[in-house]
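> These protein sequences, in sequence, are chains A and P. Mapping of the first sequence onto this note's numbering: position 377 corresponds to residue 377, and the numbering continues sequentially without gaps. Mapping of the second sequence onto this note's numbering: position 560 corresponds to residue 560, and the numbering continues sequentially without gaps.
These are calculated hints, taken from the structure and not from any lab test. Where a beta carbon is used, it is the ideal one built from N, C-alpha and C, also for glycine. Please note: incorrect hints may appear among the correct ones.
Anything over 12 angstroms on all C-beta distances counts as not near chain P; from chain A, calculated [what the hints assert, rightly or not]: (1) R67; (2) P77; (3) T143; (4) T166; (5) P344; (6) D403; (7) G442.
Incomplete in silico selection of chain P near chain A, CB under 7 angstroms [said to hold, decoys possible]: (8) P218; (9) H499; (10) Y566.
Pairs of lysine to any residue residues, derived as SDA-like cross-links and limited to a Cα-Cα distance of at most 25 angstroms, are as follows [as the list claims (entries may be wrong)]: (11) K256/A to R178/P; (12) K97/P to P55/P; (13) K5/A to E593/P; (14) K72/P to V422/A; (15) K283/P to E424/A; (16) K512/A to P486/P; (17) K225/P to K5/A; (18) K257/A to F597/P; (19) K336/P to S223/A; (20) K256/P to V422/A; (21) K72/P to K257/A; (22) K225/P to R325/A; (23) K336/P to D282/A; (24) K5/A to F597/P; (25) K336/A to E167/P; (26) K225/A to P152/P; (27) K257/A to K97/P.
Below, each chain spelled out in residue letters.
Number of protein chains: 2
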Amino acid sequence: MPTYKAPVADSLFILNEVLNLAPYAELPGFSEASPDLVAAILAEGGKFAEEVLQPLNQVGDSHGCQRSADGKVTTAPGFREAYTQFTEGGWGALAGKPAFGGQGLPHLVASALEEYFISANMAFTMYPMLTLGAIAAIEAVGTPAQQQLFVPPMLSGRWSGTMNLTEPHCGTDLGLLRTRAEPQADGSYRITGTKIFISSGEHDLSENIIHLVLAKMPDSPDSVKGISLFIVPKFLVNPDGTPGARNALGCGALEKKMGIHGNATCVMNYDGATGYLVGERDKGLRAMFIMMNAARLGVGVQGLGQSEVATQNAANYARERVQGRALSGPQNAAGKADPIIVHPDVRRMLMNNRAFNEGARALMLWGALQVDLAQVAATPEERQRADDLIGLLTPVIKGYFTDLGYQNATNAQQCLGGHGYVREWGMEQFVRDARIAMIYEGTNGIQALDLVGRKLPMNGGRALRLWLTEIETALNTASAEPRLQPITDSLRRGLGDLHGATQWLMRNALTKPDNAGAGSMAYLHLMGLVALGHQWLLMAGAALRALDAQTGDAGFYQNKLITARYFASHLLPETSVHRARVEAGAENLMALEAAAF
Amino acid sequence: MPTYKAPVADSLFILNEVLNLAPYAELPGFSEASPDLVAAILAEGGKFAEEVLQPLNQVGDSHGCQRSADGKVTTAPGFREAYTQFTEGGWGALAGKPAFGGQGLPHLVASALEEYFISANMAFTMYPMLTLGAIAAIEAVGTPAQQQLFVPPMLSGRWSGTMNLTEPHCGTDLGLLRTRAEPQADGSYRITGTKIFISSGEHDLSENIIHLVLAKMPDSPDSVKGISLFIVPKFLVNPDGTPGARNALGCGALEKKMGIHGNATCVMNYDGATGYLVGERDKGLRAMFIMMNAARLGVGVQGLGQSEVATQNAANYARERVQGRALSGPQNAAGKADPIIVHPDVRRMLMNNRAFNEGARALMLWGALQVDLAQVAATPEERQRADDLIGLLTPVIKGYFTDLGYQNATNAQQCLGGHGYVREWGMEQFVRDARIAMIYEGTNGIQALDLVGRKLPMNGGRALRLWLTEIETALNTASAEPRLQPITDSLRRGLGDLHGATQWLMRNALTKPDNAGAGSMAYLHLMGLVALGHQWLLMAGAALRALDAQTGDAGFYQNKLITARYFASHLLPETSVHRARVEAGAENLMALEAAAF
Numbered sequence: 001m002p003t004y005k006a007p008v009a010d011s012l013f014i015l016n017e018v019l020n021l022a023p024y025a026e027l028p029g030f031s032e033a034s035p036d037l038v039a040a041i042l043a044e045g046g047k048f049a050e051e052v053l054q055p056l057n058q059v060g061d062s063h064g065c066q067r068s069a070d071g072k073v074t075t076a077p078g079f080r081e082a083y084t085q086f087t088e089g090g091w092g093a094l095a096g097k098p099a100f101g102g103q104g105l106p107h108l109v110a111s112a113l114e115e116y117f118i119s120a121n122m123a124f125t126m127y128p129m130l131t132l133g134a135i136a137a138i139e140a141v142g143t144p145a146q147q148q149l150f151v152p153p154m155l156s157g158r159w160s161g162t163m164n165l166t167e168p169h170c171g172t173d174l175g176l177l178r179t180r181a182e183p184q185a186d187g188s189y190r191i192t193g194t195k196i197f198i199s200s201g202e203h204d205l206s207e208n209i210i211h212l213v214l215a216k217m218p219d220s221p222d223s224v225k226g227i228s229l230f231i232v233p234k235f236l237v238n239p240d241g242t243p244g245a246r247n248a249l250g251c252g253a254l255e256k257k258m259g260i261h262g263n264a265t266c267v268m269n270y271d272g273a274t275g276y277l278v279g280e281r282d283k284g285l286r287a288m289f290i291m292m293n294a295a296r297l298g299v300g301v302q303g304l305g306q307s308e309v310a311t312q313n314a315a316n317y318a319r320e321r322v323q324g325r326a327l328s329g330p331q332n333a334a335g336k337a338d339p340i341i342v343h344p345d346v347r348r349m350l351m352n353n354r355a356f357n358e359g360a361r362a363l364m365l366w367g368a369l370q371v372d373l374a375q376v377a378a379t380p381e382e383r384q385r386a387d388d389l390i391g392l393l394t395p396v397i398k399g400y401f402t403d404l405g406y407q408n409a410t411n412a413q414q415c416l417g418g419h420g421y422v423r424e425w426g427m428e429q430f431v432r433d434a435r436i437a438m439i440y441e442g443t444n445g446i447q448a449l450d451l452v453g454r455k456l457p458m459n460g461g462r463a464l465r466l467w468l469t470e471i472e473t474a475l476n477t478a479s480a481e482p483r484l485q486p487i488t489d490s491l492r493r494g495l496g497d498l499h500g501a502t503q504w505l506m507r508n509a510l511t512k513p514d515n516a517g518a519g520s521m522a523y524l525h526l527m528g529l530v531a532l533g534h535q536w537l538l539m540a541g542a543a544l545r546a547l548d549a550q551t552g553d554a555g556f557y558q559n560k561l562i563t564a565r566y567f568a569s570h571l572l573p574e575t576s577v578h579r580a581r582v583e584a585g586a587e588n589l590m591a592l593e594a595a596a597f
Numbered sequence: 001m002p003t004y005k006a007p008v009a010d011s012l013f014i015l016n017e018v019l020n021l022a023p024y025a026e027l028p029g030f031s032e033a034s035p036d037l038v039a040a041i042l043a044e045g046g047k048f049a050e051e052v053l054q055p056l057n058q059v060g061d062s063h064g065c066q067r068s069a070d071g072k073v074t075t076a077p078g079f080r081e082a083y084t085q086f087t088e089g090g091w092g093a094l095a096g097k098p099a100f101g102g103q104g105l106p107h108l109v110a111s112a113l114e115e116y117f118i119s120a121n122m123a124f125t126m127y128p129m130l131t132l133g134a135i136a137a138i139e140a141v142g143t144p145a146q147q148q149l150f151v152p153p154m155l156s157g158r159w160s161g162t163m164n165l166t167e168p169h170c171g172t173d174l175g176l177l178r179t180r181a182e183p184q185a186d187g188s189y190r191i192t193g194t195k196i197f198i199s200s201g202e203h204d205l206s207e208n209i210i211h212l213v214l215a216k217m218p219d220s221p222d223s224v225k226g227i228s229l230f231i232v233p234k235f236l237v238n239p240d241g242t243p244g245a246r247n248a249l250g251c252g253a254l255e256k257k258m259g260i261h262g263n264a265t266c267v268m269n270y271d272g273a274t275g276y277l278v279g280e281r282d283k284g285l286r287a288m289f290i291m292m293n294a295a296r297l298g299v300g301v302q303g304l305g306q307s308e309v310a311t312q313n314a315a316n317y318a319r320e321r322v323q324g325r326a327l328s329g330p331q332n333a334a335g336k337a338d339p340i341i342v343h344p345d346v347r348r349m350l351m352n353n354r355a356f357n358e359g360a361r362a363l364m365l366w367g368a369l370q371v372d373l374a375q376v377a378a379t380p381e382e383r384q385r386a387d388d389l390i391g392l393l394t395p396v397i398k399g400y401f402t403d404l405g406y407q408n409a410t411n412a413q414q415c416l417g418g419h420g421y422v423r424e425w426g427m428e429q430f431v432r433d434a435r436i437a438m439i440y441e442g443t444n445g446i447q448a449l450d451l452v453g454r455k456l457p458m459n460g461g462r463a464l465r466l467w468l469t470e471i472e473t474a475l476n477t478a479s480a481e482p483r484l485q486p487i488t489d490s491l492r493r494g495l496g497d498l499h500g501a502t503q504w505l506m507r508n509a510l511t512k513p514d515n516a517g518a519g520s521m522a523y524l525h526l527m528g529l530v531a532l533g534h535q536w537l538l539m540a541g542a543a544l545r546a547l548d549a550q551t552g553d554a555g556f557y558q559n560k561l562i563t564a565r566y567f568a569s570h571l572l573p574e575t576s577v578h579r580a581r582v583e584a585g586a587e588n589l590m591a592l593e594a595a596a597f
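Isolated chain A (complex conformation) (with noise of 0.2 angstroms):
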């Protein structure tokens, strides 16, 4: 039976010693996060995680979801009862505004525990995602009646809330959808269509659903020029907020899916369902990339999450089974053989999923502390700034995070051998849930995309630098400590091939944006690399500061500098290749006629 231990220990060490969160401790949210306020929060999400969650976490995938023949979606055995526990622990209201019901914290806390709770058990964790995804869009655009009359119950959990994007012939190209919105006198909108792959699209768990749905018009155009978002529950709700008449929608079919089982993944119907416009007309993509910009990064956490959990079980599996002897001579001479984690090759799995999982940690906490300053910082050039540096490494997160969860569950997987393959350890589990995250809220050939082709030029180019900027300025403060050489001189080299693969592209891309999309992944992993680099000097800077002043455990800070060395080392030498690949260019890569595959 696979087990989970929030890393809560590892998530203070970031909040509390590598991220500078002193300038900003008057700001909103921050005011009332003290260390020990948060700490406690941690420790006790943490437990929730250990105890509720993970526990239902193959119960989900072995049960997954039943539809009966009227269309009601029955969760996994326990799921509502810990859906219940959540939602009074008010769990999923942590960063949400007071005036909403919210606790009003920085989105930094929350995000330090959504990554215990995807660890725990990732498809019950995306009941809760998604309605956040869905509260950003109705704060962004809705009106202050739609605000009042949705957010608080959803924010409660009371209401549960959905994506609708995707139809059997479209999901990355939105402007081929047919759903259809046709207004109605009242100033409501009849919906019509076949959405697909909905998440957590019809289910037990809450009182209504809250639907967000992508249409169009008649008369709009027929592009993504023509989208429009809308609010489509489940129960109509009465202007004082009670539940009205059910609406004409419904969950048509459950996808069979490789993994996940414990989210109900829909095919749903709307068949001239009551709608209500949220946001302007014919704008929809622009609402649905605010809650699709938060959803990207939870998708990052649940690579994040994956590949934690994953280890952990590796861990703990190479550390009790005995086979074979340690290279170096017995290291278990009274037994008949050694734990398997004597073995470098065993090791260099578990160190590489460490080194990842860790410098990923900060990497999202980083991130997390940009999006709270994007709406809080004090300044307007500060929320810009923030602003900037998060849409950037958005797509990094999301795909670099998710690629490498997906090949370090399978590595973790590896660890146990024939045992992995099999059901009983949940091995294989983590592998079968960490691949989606690869796939949805735009592929990661999406991201890969976004980031050269958008982030990286605009505004000539003014994000990249900032976070340049931000690098050489931690390198340069780094260089006059000679224990962190092999860290800086590493960084450097990544940071050089990052910027020979910039110029390149800057060089190539404009006359043939194939060598754009040709270099494109190979630019994400890049750039991934680079900011897990600069995260990993910014510890071991932490870490060394905490050994010369003799404070708190000095193992965990020597493991940090261990662990930093061997990202140095092992993991980060890895730019080269990206580099190579980006400037290899499209020509080989496209030469192929399609008829030829």
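Chain A is already provided as a structure; the job is to place chain P on it using the hints.
This is chain P only, laid out in the frame that chain A set:
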């Protein structure tokens, strides 16, 4: 619904135009294998794979195998009929010895077909593959009487075979095994113990199942030096070959696993079952490794086979699914969107897979030729040379092919976006099925250790020198041809990385064996890349010769050149990072205390 088309033209290109078979034309097996006969066999076998095996692939996945209370195991609907057709077609006996009813064709021809059968239905193909492994062991170490009794019905497929190594507490470290073999007065043994993860352990396809079981005799050393191999038939066999009593063994449970649901993976209980020593007592591991080495090559082919079929389906989808517009401007101006194959990142995944598949097919067939030559070449020197080469490359073919098989199946799945994640399209099955190949027959970590710790240093590095000389010869031949320069340049750089990594290991691994273990997987991948680069150089040379001679389909050869250049520009440069990882050594990798994980 997934489809499959056997790549017959590609196999024949390699057999007829890339491998230089002329010097072997008079050898046993080769003399019968005229190009026309081979072409006919591949066409017929390809058709069998496409029309009989492939349509059962999803059936096997969704139905799995069923075990009834009395321990009987039923395979998925259609498997029995397909197995009958398989045996009637003589598909399992192609390379079998004529003395035992085989057709005596080269292993080379059987390997080409094996790929097709695996692509079409990997779980099904495991039944006959395991039988061939068991035959190899009996032929290698069994007495003439044992061979005569067991091999003919196994070769015909009337009986099938299994390998029983793993026990609950041991897989890799067989010295720990507990299954006992007690000598009986009649010269037989009573076998008692539990084996797990036994592929094809019990099923309804064949009349009898011949289990090869590793066990310890009471007075043998309690280590790998005390393991013997036994033939333990499901039904005892009378001296005249007729079936006797049911033996005291059975399937205790079916494993629930991530994939290959169509194959019955069994817990096997031996309750004082009658067994017969095969080969020398206490030398069971030697016999097992004969079986294992053949099986490892077959597992490598599984990596290729799953990559191939997944790629075909991804390419079909990418040519048909319209979504978005090409970066270089609309390609399908009449439609509302372009087929996604216009997008460079989709292309990248397809080209990565294609460049692997075609290169791996060439290396696999080159390897199969060595297997043949090791047995039938004219002189002892030639046989030794072939044996050296295939011994060296076996862990590479197993490890590199299966790592890439899984990675490429994942890439192919990615091309379908959300449709890749649902069962219907069959892509996620390819990923789940491909995953096991990295684990069984020795995990890929074990392959890497076998390569670096055993195969490299064996006989003073003779095998590596032989193989490097082959590559140098190919490079020297090609250097006169400027059109091959992009490939030769890249291969020379790869070879330089291989030399560098090898020398680093020679200098640093003897004094500190952990350095060998730490870099072993990187070294295996480095060697895999160079091996494929070598094959691509040979294929590109053959393609140029055909183009210059204006024979055959010019498009086919042009595509080979394009794909060769793509391999050289986009994939082969990865050697540098593997070299860097080898040279990074074990220090940072092994520094953490085990308890810190």
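> Can the restraint linking K256/A and R178/P be considered satisfied, given a maximum Cα separation of 25 angstroms?
At roughly 41 angstroms apart (the allowed maximum being 25 angstroms), R178/P and K256/A break the hint.
> Are all C-beta atoms of chain P more than 12 angstroms from that of R67/A?
Nearest chain P Cβ is 15 angstroms from R67/A, so the label holds.
> For the pair supplied as a hint, K257/A and K97/P, confirm whether the alpha-carbon distance does not exceed 25 angstroms.
violated (45 angstroms)
> Given the proposed pairing of K256/P with V422/A, does the C-alpha separation stay at or below 25 angstroms?
holds (6 angstroms)
> Tell me if the straight-line CA distance from K336/A to E167/P falls inside 25 angstroms.
holds (15 angstroms)
> Regarding the pair K5/A and F597/P, is the alpha-carbon distance no greater than 25 angstroms?
holds (12 angstroms)
> Is K5/A close enough to E593/P, meaning Cα to Cα at most 25 angstroms?
holds (19 angstroms)
> Assess, step by step, whether the Cα of K283/P is no farther than 25 angstroms from the Cα of E424/A, and give holds or violated.
violated (34 angstroms)
> Quickly compare the C-alpha distance for K225/P and R325/A to 25 angstroms and report which way the hint goes.
holds (16 angstroms)
> Take the C-alpha atoms of K225/P and K5/A, compute the straight-line distance between them, and say whether it is at most 25 angstroms.
violated (42 angstroms)
> Answer holds if the nearest beta-carbon of chain A is closer than 7 angstroms to that of Y566/P; otherwise answer violated.
holds (4 angstroms)
> Is it correct that the beta-carbon of T143/A has no partner in chain P closer than or equal to 12 angstroms?
Its Cβ never comes within 12 angstroms of chain P, the nearest being 32 angstroms, so this holds.
Comparing the model with each numbered hint stated earlier shows that hints 4, 5, 6, 7, 8, 9, 11, 12, 15, 17, 18, 21, 26, 27 do not hold.
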